[in-house]
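Colleague: Chain by chain, the residues:
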Amino acid sequence: DVKVTQSSRYLVKRTGEKVFLECVQDMDHENMFWYRQDPGLGLRLIYFSYDVKMKEKGDIPEGYSVSREKKERFSLILESASTNQTSMYLCASSTPQGITEAFFGQGTRLTVV
Amino acid sequence: GQQVMQIPQYQHVQEGEDFTTYCNSSTTLSNIQWYKQRPGGHPVFLIQLVKSGEVKKQKRLTFQFGEAKKNSSLHITATQTTDVGTYFCAGYSKAAGNKLTFGGGTRVLVKP
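Chains as they are written, first to last, in our numbering: chain U, 1 to 113; chain P, 1001 to 1112.
Chain P extracted, bound-state conformation (with noise of 0.2 Å):
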């Protein structure tokens, strides 16, 4: 079945520093969306990607779509200690159907 998988699992950062996490999928995806949850808090949505190549920027976060839609980052610069989560990609794929499949996320510690 579809998989996704993402590195590294914990990121320690100095805050001020850039980081980067990387989402892997199995199959090929139709589109792929990230979410943050906030400690003691639930997913929320950031942003969704659907072309093949694509980057999009909010603020200090670049998203990238690989071109065989199978990969993406996520690019985090100047890292504040808002930034502190757990970060996760997500995905459909045609062949799952409507089935969203979750990594295992990327959870990020600040240090000031």
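Isolated chain U (complex conformation) (with noise of 0.2 Å):
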């Protein structure tokens, strides 16, 4: 059974705090992807990684960094969280090109107060 893991299913942090977000995936994907997901827009990509120590910023990267030193694992960072970083996080892998389809982890909650 394929899976993606994410660290923590719901978080709650001060403003102003690191905050690191992992994701772990089973299935040797090259690519994986960091998304927040907010009532009424969607799913909006973050950064995305085809391959170790790449990234490529998404279309809302302001405010996030990421970490990919091994395949298996993407790391979002939040260098100094704010309230408006409030948000369903997830995370998801796939093939390149969409050889197959993405496959997303369980999803973070993250109430920055």
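For the record, the hints were derived by calculation from the structure and aren't laboratory data. All values reported here derive from a predicted model rather than from experimental measurement. All residues carry an ideal CB built from backbone N, CA and C; glycine is no exception. Among the hints, a few may not be true.
[What the hints assert, rightly or not] Incomplete in silico selection of chain P near chain U, CB under 10 Å:
no.	residue
1	Val1004
2	Gln1006
3	Val1013
4	Gln1014
5	Asn1098
6	Leu1100
7	Thr1101
8	Phe1102
These two chains come separately, so use the hints to put the complex back together.
Modeller: Written out as structure tokens, the structure is:
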């Protein structure tokens, strides 16, 4: 059974904290993605990675950074959390160019207070 | 940059009725994928279309990819309460490389 696992289901952090969201996949996928989901705005791409140590900005990268030191792990970093980063964060992985579908993790609901 | 838009944003459907949701891309797509997200869940893959004009069916769901590979539709017949959820289209374009861009989704509510 293929899996994308996000480290936390729920997180509460304080404004200004550095926050790490971790994602691990066991399918040997090249591509990994971080999206945020807000009501009425769908899934917005923050960053994606197509190989180890490679990363590209998505549509809303401001305030975020990422790290991919190993193929199976893709981390999203909020350098200094702000209340407008309160959201549902979804990690996904896939083979290149959509040869297969994207598999999603369960999501992390982050609240910044 | 690449944009993918979906309409309508919300769809209230009487049980047993049909409806269609539409997806439009600002750029030509290599393929288009459709996902369903149940309330409280994460998006789950439904289908992928690759060829221009392609039509695929899954029971009561019919998916279509436009001739220009810039639009797609999902038609559901005889809606059931199990169809409740948000339906997303998503696409790759050669210009955008490995970037998978999602539409805003259509949230479907079914009235029994």
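Colleague: Evaluate each hint against the coordinates.
Modeller: How the hints compare with the structure:
1. Val1004: holds, 9 Å
2. Gln1006: OK, holds: Gln1006/P within 10 Å of chain U, min 7 Å.
3. Val1013: violated, 19 Å
4. Gln1014: Where the cut-off is 10 Å and the nearest Cβ of chain U is about 23 Å from Gln1014/P, the hint is violated.
5. Asn1098: holds, 4 Å
6. Leu1100: Status holds, d = 6 Å.
7. Thr1101: This interface hint holds because 6 Å falls under the 10 Å limit.
8. Phe1102: holds, 4 Å
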